[in-house]
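J.: Based on the provided sequences and hints, a complete structural model is requested.
Positions 1249 to 1383 (this note's numbering) are the ones given, in order, by the sequence shown.
Don't read these hints as lab results, they were simulated from the structure. Just to be clear, a hint being listed does not mean it is correct.
[What the hints assert, rightly or not] Straight-line distance between alpha carbons at most 30 Å, and here's what the computed BS3-like set of lysine-lysine pairs gives:
no., residue 1, residue 2
1, Lys1281, Lys1250
2, Lys1344, Lys1365
3, Lys1250, Lys1375
4, Lys1281, Lys1375
5, Lys1375, Lys1345
6, Lys1375, Lys1283
7, Lys1365, Lys1283
8, Lys1281, Lys1344
9, Lys1365, Lys1303
10, Lys1303, Lys1345
11, Lys1250, Lys1365
12, Lys1375, Lys1344
13, Lys1375, Lys1303
14, Lys1250, Lys1283
[Claimed, not checked] Simulated restraints on C-beta separations:
no., residue 1, residue 2, range
15, Val1273, Arg1371, 13 to 23 Å
16, Asp1311, Glu1340, 31 to 41 Å
17, Arg1314, Thr1270, 17 to 27 Å
18, Pro1374, Thr1274, 22 to 32 Å
19, Asp1370, Val1273, 16 to 26 Å
20, Arg1324, Asn1282, 15 to 25 Å
21, Lys1344, Ala1307, 29 to 39 Å
22, Thr1343, Val1310, 30 to 40 Å
These numbers come from a predicted model, not from an experiment. Idealized CB from N, CA, C, for every residue including glycine.
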Amino acid sequence: MKILIDSDFLFGLFVAHDPHHTIAVTQFGECRKNKAQLFVLTLVIQETATVVSHKVDQAASVDFVRRMRAIANINRIVFDENLEDGAWRIFEAQTKKGTSFVDCANMAALRHYHLDKIFSFDRFYPKELLLPVVQ
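T.: See below:
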């Protein structure tokens, strides 16, 4: 199975006081044990670093970036012009107030790379893409 990781999942994985921490750690461990292929957009890492800096502090954000670099089995997807174009098309098709461009970028990556699921606690994504335990 090929799984994309969203920023809210990363935040929960790395921030122990986040309400999603336990489930994120459990799900991440299960996927590694089952040899799932994990993917993350570089844009998502950048967004998560920013959120960690805002919600925790800058030292925690720097630690998050260092720890992300050390995880060898997460495939990083560079947010290139092709993905950006796809993300803007998805974004422009949305009508809901507060639409996240990064969520649209994740959808573009899911489609472009034919990924199976996404680790996210966000209801933006279609149910069939969310892992069952995360729903």
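J.: Which hint numbers doesn't this structure obey?
T.: 8
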